[in-house]
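Following the hints, position chain P with the ligand against chain Z.
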Amino acid sequence: MLMCRELAGIASDYIDGELSAGRNLSVKMHLMMCRHCRSFIGNLRASTELMRAHSSARVDPAVIDRISDRVSEALRDR
Amino acid sequence: MIQQTDLDESSLVEALKRGESSAYARAVSHFSPGMLAVARYYLDASSAEEIVQDCWVSVIDAIQKFEGRSGLKTWLHRIVANRCKNKLRSSQREIPTDFSERLDPELASRFNTSGRWASPPKLRFDESADALMENEALSDCLDKHLSHLPETQRSALILYEAHQHKSEDVCNILDVSASNLRVMLHRARQKILLMVETFQETGEC
Ligand SMILES: [Zn+2]
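First to last, the sequence lines map onto chains Z and P.
All residue numbers for the first sequence refer to our numbering, where the first residue is 948 and numbers rise by one.
All residue numbers for the second sequence refer to our numbering, where the first residue is 921 and numbers rise by one.
By construction, these hints were calculated from the structure, which means they are not laboratory data.
For clarity, every value in this text was computed on a predicted model and none was experimentally measured.
The beta-carbon is built from N, C-alpha and C at its ideal position, and this holds for glycine as well.
If a hint is listed, it holds; no wrong ones were tucked in.
Mimicking SDA-like on lysine to any residue, the simulated pairs with C-alpha atoms at most 20 Å apart in a straight line are:
no., chain 1, residue 1, chain 2, residue 2
1, P, LYS1064, Z, ALA993
2, P, LYS1064, Z, PRO1008
3, P, LYS1042, Z, MET980
Covered stretches of chain Z (in silico footprint by chain P; criterion: 3 or more residues with CB under 8 Å from a CB of chain P, positions within the stretch not fixed):
no., stretch
4, 948-962
5, 982-989
6, 994-1000
7, 1006-1017
The following label-pair restraints were derived from C-beta to C-beta distances:
no., chain 1, residue 1, chain 2, residue 2, range
8, Z, ARG982, P, SER930, 47 to 55 Å
9, Z, ASP1016, P, ASN1002, 18 to 26 Å
10, P, SER1020, Z, GLY989, 22 to 30 Å
11, Z, MET976, P, ALA1038, 20 to 28 Å
12, Z, ASN971, P, ASN1055, 28 to 36 Å
13, P, ASP964, Z, LEU966, 31 to 39 Å
14, P, ARG938, Z, GLY989, 47 to 55 Å
15, Z, GLY989, P, ARG989, 37 to 45 Å
16, Z, ASN971, P, GLN984, 42 to 50 Å
17, P, SER1020, Z, LEU966, 16 to 24 Å
18, P, ASP964, Z, MET980, 44 to 52 Å
19, P, ALA1038, Z, ASP1016, 54 to 62 Å
20, Z, LYS975, P, SER942, 49 to 57 Å
21, Z, GLY969, P, SER1029, 24 to 32 Å
One chain only, chain Z, in its complex shape (with noise of 0.2 Å):
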């Protein structure tokens, strides 16, 4: 049987959908059973999204700014 620590090890290959079958039904049995790796697959999953809604990238405009610079600078020199 599968135990909570090791659903918890494979959590993101659930979500992701990167398990094989057998071993995707076995966490899904132990999910019928167990509420709170029920909560955790959930939270997980919601970290998950709000990595993806976050704009992780953010950078410092001023980076960009030199950046941009740097490129009109070798546009013009061409």
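What follows is chain P with the ligand alone, placed relative to chain Z:
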């Protein structure tokens, strides 16, 4: 959020090939954040910025040979990765990596010896991601935690989640195996989960 649809790629590529400065301005602001994320996987912040600048300058000529088979973003990210790898090769720096443990240590400590939850999740995040992100304190907290993630995990997370690269592209760009990428992603997601949990419980970052 990164918009994939607001740039018509083939007309942008044509404008870049013609050397139009307005096209470069758009492309630089659109693609540089992802390119910086790739470079940060290999290098410190100031070297990463320098590499991305150099890449753009090389793109001015290289774009003539771009055929659009891989998509502009993937093509740019590969250029950055290759430059970074060359730079590392010449300075002999190794990238530290640990792929042996799938569980974050803090999370691992919440199971008892029989592998059941000793300290289970106390609550479920029931708000949508968009609703959560409206909370500015949480958004700042996320920024802070992202910046504390090991470089490897952060780059994997940013390329895979925020830039929605396919796994095989991320593996290619970061030079990691598919199974190691899975570990990196999972470790990074656990950190974000633990952060949100603490924030929801205590209101503190
Ligand atoms: Zn369980």
